[in-house]
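Participant: Sequence:
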Amino acid sequence: MADLNVIAEGELAAFLAFWSICFVLPYGKEVIRPETFVIAVLMASGQISLAPTILGYIYHGLGEAASDPDHPSKANIEKRFGAVETSTKIEEIVDVDRVKALCNQDLTCSSKILYIEGQLDNLSNEASKLRLKEQEILKEEKRIRKMQEDLTVQQHNLI
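The numbers in the numbering used here rise by one with no breaks, and the one at position 157 of the sequence shown is 161.
A couple of the hints might just be wrong.
Simulated pairs of lysine-lysine, DSS-like, Cα-Cα distance not exceeding 27 Å [to be verified]:
no., residue 1, residue 2
1, Lys137, Lys116
2, Lys116, Lys104
3, Lys116, Lys133
4, Lys146, Lys133
5, Lys133, Lys143
6, Lys143, Lys116
Label-pair restraints from in silico Cβ distances [as the list claims (entries may be wrong)]:
no., residue 1, residue 2, range
7, Arg37, Asp101, 38 to 48 Å
8, Met151, Ala12, 57 to 67 Å
9, Ser132, Gln152, 50 to 60 Å
10, Lys137, Asn161, 29 to 39 Å
11, Lys116, Glu144, 49 to 59 Å
12, Leu136, Gly65, 33 to 43 Å
13, Glu39, Ala12, 40 to 50 Å
14, Asp101, Glu13, 33 to 43 Å
15, Asp125, Glu39, 15 to 25 Å
16, Leu136, Asn161, 34 to 44 Å
17, Ser53, Gly14, 15 to 25 Å
18, Glu68, Arg135, 19 to 29 Å
19, Gly14, Leu118, 31 to 41 Å
20, Glu153, Glu121, 28 to 38 Å
Rather than coming from a laboratory, the hints here were simulated on the basis of the structure. Each residue gets a CB set at the ideal place from its N, CA and C atoms; glycine is no exception.
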């Protein structure tokens, strides 16, 4: 069995949860959605990737910056580099539909994986119960065979 560093994995999951809440899946001030912790644990264990979601969030932020003429980042760029031409739209650089599809696909796959894992656990439990029942039946069959043999011996003794 692999040596698991539970403390390190727990710290990683906690960091990923905090990071997700702040930067990837912000929901509102002082609000943490429970799903965030599930996603953080899955990321810490390497079962899912939030790359498509992060790309979508970056795209969203860049879209806001590009469409807002008074966005602070534009003022900083103009102050440092002079006038900046911002005629290129994000849509010309990034395949928006592809990013959205990847985001939805990643979250959908994660949900399906969790569902399938739950079903597999249920099936495993049922299989264990069936094995126990089978053992009980085999013991009962053995006991009945022994009783039949004893009865046969008693019948021969009576004759």
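Participant: Sort out which numbered hints this structure fails and list those numbers smallest first.
Facilitator: Violated hints (numbers, rising): 1, 6, 7, 9, 11, 12, 13, 18, 19 and 20; every other hint is consistent with the structure.
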